[in-house]
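Q: Which chain is which? The protein sequence lines are A and B, in order. The first sequence begins at 60 in this note's numbering and counts up by one. The second sequence begins at -8 in this note's numbering and counts up by one.
No wet-lab data here; the hints were simulated from the structure. It is possible that some hints are incorrect.
Okay, the calculated bits of chain B under chain A, using three or more residues with CB under 8 Å as the criterion [to be verified]:
no., segment
1, 120 to 132
2, 152 to 164
Computed list of chain A residues with no C-beta within reach of chain B, every gap over 12 Å [stated by the list, open to error]:
no., residue
3, 177
4, 182
5, 198
6, 267
7, 379
Glycine residues also receive a C-beta, built at the ideal position from the N, C-alpha and C atoms.
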Amino acid sequence: MIGHERDIEDKSQAPWKSPVVLSVFLHGLIVVVTLAGWSWTGPDNQPPPPSISARLVTQAEPEPSPVVDVVDEPDREQERQQAQEEERRRQQEAERRRQEEERAEEARRIQQQKENERQKQAEAERERKQERLKEQQAAKQKAEAEAKERARQQAEEEQRRQEAARKAEEEKRRAEEERRRQEAERKAREEEQARLEAERKRKERERQLRESQLEALADEASQQRQAEERRRKEAAAAKARQAQMLTESQKYRALIRDRLMSVWYPPASATSAMSTTLQITLLPTGELASATILSGSGNTAFDNSALSAARAVGRYPVPDDQQVFDQYFRRFPIEFNPENAQ
Amino acid sequence: MTNRFNLSRNRLLTLVFVMMSLLATPAVGNELLIRITEGADSAIPISVVPFSESGQMPAEEKVSRIIQNNLQMSGEFNPLPPEQMLSLPSEGSEVFFRDWRLLGQRYVLVGQVRNEGGTLQAQYELYDVSQEKRLVGATASAPASASRSLAHHISDRVYEAVTGVPGAFSTRLAYVTLERRADGPLYRLQVSDVDGKRARIRLESAEPILSPAWSPDGKKLAYVSFETGKPAIYVHELASGERQRVADFSGLNSAPAWSEDGGSLLMTLSKDGNAEIYRMNLANGDLKRLTNHWSIDTEPTYDHTGRGFFFTSDRSGGPQIYHKASDGAEPRRITFGSRYNARPRTDSTGDYVYYVHQREGAFNIARTNLKTGNETVLTRTESDESPSLSPNGRMLIYATESGQGSVLTVISAEGGAAYSLPASRGEVRDPAWSPIVR
Chain A
60 MIGHERDIED KSQAPWKSPV VLSVFLHGLI VVVTLAGWSW TGPDNQPPPP SISARLVTQA
120 EPEPSPVVDV VDEPDREQER QQAQEEERRR QQEAERRRQE EERAEEARRI QQQKENERQK
180 QAEAERERKQ ERLKEQQAAK QKAEAEAKER ARQQAEEEQR RQEAARKAEE EKRRAEEERR
240 RQEAERKARE EEQARLEAER KRKERERQLR ESQLEALADE ASQQRQAEER RRKEAAAAKA
300 RQAQMLTESQ KYRALIRDRL MSVWYPPASA TSAMSTTLQI TLLPTGELAS ATILSGSGNT
360 AFDNSALSAA RAVGRYPVPD DQQVFDQYFR RFPIEFNPEN AQ
Chain B
-8 MTNRFNLSRN RLLTLVFVMM SLLATPAVGN ELLIRITEGA DSAIPISVVP FSESGQMPAE
52 EKVSRIIQNN LQMSGEFNPL PPEQMLSLPS EGSEVFFRDW RLLGQRYVLV GQVRNEGGTL
112 QAQYELYDVS QEKRLVGATA SAPASASRSL AHHISDRVYE AVTGVPGAFS TRLAYVTLER
172 RADGPLYRLQ VSDVDGKRAR IRLESAEPIL SPAWSPDGKK LAYVSFETGK PAIYVHELAS
232 GERQRVADFS GLNSAPAWSE DGGSLLMTLS KDGNAEIYRM NLANGDLKRL TNHWSIDTEP
292 TYDHTGRGFF FTSDRSGGPQ IYHKASDGAE PRRITFGSRY NARPRTDSTG DYVYYVHQRE
352 GAFNIARTNL KTGNETVLTR TESDESPSLS PNGRMLIYAT ESGQGSVLTV ISAEGGAAYS
412 LPASRGEVRD PAWSPIVR
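The shape of chain B in the complex, shown without the other chains:
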């Protein structure tokens, strides 16, 4: 009996053991997680199907074409040439996802544009081909003369729907061109679309124009003009063309930078004998000196908090980037990578500071990760200067030498090559990217 009991107990134990070992066997599917840590190392395939048109269309480029170019220029999309499309749907019901999938497309943008009494009405839909899902479906309208604005607007919507980041296609660029004419140089302050189109001259001068800076509302530009024979800081309202000379002190008046609320400007003045950074209240002209050092302190720019600012100082010998977290804080040196780092600009996240960086005789654009201190050189060209970040932080424009003249080049903020905006004549410098104005 005891034997029998022992036996059955042994049996039970064996059974339990076997069951446990069965339970312990590795792995059912759920535990085998597939982890994707890298995406395709190429731009997103997107098909901008030519919009169907009805009514009188402007002689300009077609809206869908502008959108296609915009997306292409961003460097993040790889639009399919319309010639390769199997069909040209203009609305969702005509989209056969299988066709687009066959073409390896991820997104399809379809739409129609109608001219209704001088107003362009656009109806557009963005489809995710693999999910067979409509991401965007909207209408937009613009005067027939502003078809580019309409196209940029749609581009922004598409860009944001796919990337999660607001598009910057509707923003503008300010820059200064120099035309060396027989009777002397001609400086022009110009404003254009980000694709370089619709450029308009805002100011012409035989004397140098420098450092244009956009007000936060995108309506005004501050810049330095030597038009009086000596540098002075002006605030220029674009819509009206009204100008105001805000800083005309003895010595240096340079490098204006707008505060977040647009109520004040940071600027470099040498009225007290040495180049120092001041803040000027634009309402009453009050000045507050923010730096005090025997060396040159210049090129201020607010950080993402709007309280502190970056600036260039040669207090350690060569020019280096410093950061002052608040009015009273001690400046902290940011750059150490080389003997020349200047002209800082920061992005809206506060992750990076971008600047001109000289190494081995070449000037490049570099950025430093403010958290890690890691420095990355973003450009391969020489004589790069005046970096300016797109308001969505995705792109960076800078001036550089190209062949006979100079060009503005747009790259992705990570350093991927994007596109260049060739100056029509002469040199182009000091690009400034406008904020996004909703």
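Isolated chain A (complex conformation):
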């Protein structure tokens, strides 16, 4: 039974669970992982990407300086001094001045225009310069960003590589661990199996024991029930028999009483206080075997009358039923007590 069950269990194991297959697979896996790890560590010899090119670009571009015009300032000062000195001529020259002013105004306007244009130009120039600066900065930033990116990529690459290596290592370790674990598991399983087997056997033994115990208990209980039943029946029968015997005995008791009453002559001295109890022993035929005084009245004549009465019955009426006789009439007491005496 045990062997059979083991067989079934063995067959029910999946093929991949076979330790041999598992071992082959694990080894293969380890080889692949090792190889992959090795090829990824190769690029360490590659030259790092040129990061100085960006710096060169920054040096080639001159720093743009802003243009400053200081020529116009002293002109306006001179004109005001001339006006003040040539006060008297103003009249005459009002026209002229006016004209001149108009011209100056014109000139100023033109100058202003020029100035505005120049400022615009300067502004544009500045804007351009700034644009250029911006562009240069953008380029520089871009380059920096690119460089950074590259460095980052490189670092990432490195990290990845290291990661991969670590991973491979980890993988290896894990594989090893897994192997060990599996091995342990296997062992544990085996142990567990053995344990289970033992447990199962133990349980089986216990079950068998319990079964046999239960069987025994059931047997015992059943026997007890039967015995109980038998006893109950016997008791009921005994009770019925007892009742019957009692009835039977009562009948014969009455007969005996009648017989004794007909042969008892309470003496003249008898009083209701007198009582004599005799022990009567009969033979199964109803013949008197003996009659003795259990407790006397203290009056000889009275005691004698009782004894005489007991003996005067030639054959006591007794039941044919031997059991009733044995129980009630083989030996019994009779009390003589004249209730109606004075």
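Using the hints, position chain B against chain A.
A: Below, chain B without anything else, positioned relative to chain A:
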């Protein structure tokens, strides 16, 4: 394991229960007591086998015959007629109990009487048939002329052996007869055996003789005689015939009653004007008045203690029985059953008082149980008077009317009819039963 233990414990409990119920089942024989509360309602069967005789026998009745009659008269025995006996044994060795048992006999008396030079020698044995046991085996002797005494003596022994009560067959009766003759009435004081035989006249008088009373030793009689023309109380010694007038006071001198020691008499005297009860010391004649009532107090008789006495008094109207427990005690009325209850007599146990009881015009003898107060009328005849109890308390004699004359009738103290002693001539009254003299 626990289960198993529980199981076995259950089993044990069951076993215990079953055993207990077995023990509890009712009754083994010993507990079934058969109780006999009543005896046969008939006289005891006894066989008085005719005694074998040797030598000259008196012409009288045979001894065994007298015994048989005595037992018969007691009312308590039912002797088997000798004709029905299967054998006539005269001694124990000849008694075959089976024969007597077949005849339904309970006792067998066998004996022999020999006349040895004028003396009757009797040897007798009483057997209990059912027990096959000798109860009495004795010899007795008497002069040939006293064969009746011998028979009465044997009767007493037999009676006592069977009943436990002394027999009273050897006692005597005193009574007064009245013969109405042409020249006048003749009163005679007579004494006889209890069966009425051997009656002897002790006193004859033309004047009434009343209330004879036996002295405790049975040797003297006290009575009232009118022989002097008026009532007087006399004490008469039977053996010598000597008489002494002890009370002759003016008025009534009546109803003498002996004290236990025979040294004094209770009597009724009316010397002080009214009938009262006195006690007279016979040695010196001293009187002590015991009652004091304007009504009649008479007919005293000592109770069983010898200290108190019963008497008749009509202090409540009609005559009733009263009891005075001692000289100084207040009288206590005993009877209530009818308007006339008189002439009390008591027995030696003090259980009952007997008296004449009138109801519906008839006079009967009744008795009252002093413990319960229950009254029982004992007689069915009319004109019954003067009850007197036998000394063993078993029988009661009284005078009554019968046909033309009167008779003395003996009944059992419980009231069963026994026998009558017909007076040879005329009337008979005032019977007094003598004490037992050993």
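Q: Compare the structure with each hint and give your call.
A: Verification of the supplied hints:
1. 120 to 132: As far as the segment 120 to 132 of chain B goes, the hint holds, because 5 residues have Cβ atoms under 8 Å from chain A.
2. 152 to 164: holds (count 5)
3. 177: At roughly 120 Å from the nearest Cβ of chain B, residue 177 (chain A) sits farther out than 12 Å, so the non-interface label holds.
4. 182: 111 Å, holds
5. 198: 96 Å, holds
6. 267: 17 Å, holds
7. 379: 17 Å, holds
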